[in-house]
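Work out the full structure, taking the sequences as your base and the hints as a guide.
Heads up: the sequence lines are chains C and Y, in that order.
Residues in the first sequence are numbered from 0 upward in steps of one, following numbering that gives the first Met the number 0.
Residues in the second sequence are numbered from 0 upward in steps of one, following numbering that gives the first Met the number 0.
Keep in mind the hints are simulated off the structure, nothing from the lab.
All figures in this text were calculated on a predicted structure; none of them were measured in a lab.
Misleading hints may appear alongside valid ones.
To be verified - If the Cβ cut is set under 7 Å, some of the chain Y residues that face chain C in the computed set are:
{"#": "1", "residue": "GLU70"}
{"#": "2", "residue": "LYS82"}
{"#": "3", "residue": "ASP95"}
{"#": "4", "residue": "LEU101"}
{"#": "5", "residue": "ALA102"}
Just so you know, even glycine gets a beta-carbon here, dropped at the ideal spot from N, CA and C.
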Amino acid sequence: MPVLHSQFSGEGKTKDGQVVKVAPAIVLVQRGPVFQVTIAIADQVATELIKQGKTVQPAISGLALIDTGASVTCVDDETAQKLQLPVIDVVRMASASHVSHPTNVYPIKVTIVGLPIGINAPRAVGAALKTQGLIALLGRDILMHCTMHYNGVAGEITLAI
Amino acid sequence: MIKFFTAADNCARLIGLITCLTKRRIKPMAEPLAEERKFFSEHQSEWKDAHAGKFVLVKGNELVGTFNRAEDAIAEGARRFGKEPFMVRSVDQEKDIYIPALALGILNARSSQPV
Chain C
0 MPVLHSQFSG EGKTKDGQVV KVAPAIVLVQ RGPVFQVTIA IADQVATELI KQGKTVQPAI
60 SGLALIDTGA SVTCVDDETA QKLQLPVIDV VRMASASHVS HPTNVYPIKV TIVGLPIGIN
120 APRAVGAALK TQGLIALLGR DILMHCTMHY NGVAGEITLA I
Chain Y
0 MIKFFTAADN CARLIGLITC LTKRRIKPMA EPLAEERKFF SEHQSEWKDA HAGKFVLVKG
60 NELVGTFNRA EDAIAEGARR FGKEPFMVRS VDQEKDIYIP ALALGILNAR SSQPV
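Set out below in structure tokens:
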């Protein structure tokens, strides 16, 4: 079983401008459990498109936040458009600025950099995540394939698929 | 030469601008899969009985097929329609999607940083 172990690190500035290291536990609190990932079109769609001689956009890399509160994975809408993902449904989703609004659903494949296996999320929901510096929120539909150990004391995350 | 505009001039300009914008009729963005979603809602109760627990593949006003897994329905949709939109949905789907971090706008909330 492939295992990815990462300890978070970061730097901060004191009042007099001196750069100092920040404790991994604090970095994990501030940033959350983020991982470098690549997002691509889901395998089952890519296979069919290639058979038809159609172009498949290369995967896009960026940061994804693990969100155990989300039942489904969310993908940044702009990233979805760049990947030319087919829209396979429209659902209503509540957001901070709207009570409930329609949003597209896309079939995606998420690969966590450092792990050799990609996970298909056939119904990832589009959301405006780029402003948060993210390209995806990894929900429980992805986590159902993983074992995760969150070590807040040491500022470490261990993920196994 | 300095030209002064009266309130009446400004009012006329404003009316002209509004008329111009109205005539342009900015076309709203069409929501994808509108036809498919309408077709689904019209048939959902019937499909729930006939295809309980399955995923449907819908294109336009046609039920293309029913599948045990969303992945299989998506593969068939991609095979038939390529990159065109097609709808894959569980016949049992009822409620809205709720992602607390997005719904509450707390993705980057920090109580330690007062405004």
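Here is how each hint holds up against the structure:
no. : hint   : result
1   : GLU70  : holds (5 Å)
2   : LYS82  : holds (5 Å)
3   : ASP95  : holds (4 Å)
4   : LEU101 : holds (5 Å)
5   : ALA102 : holds (4 Å)
No hint from the list above goes unmet by this structure.
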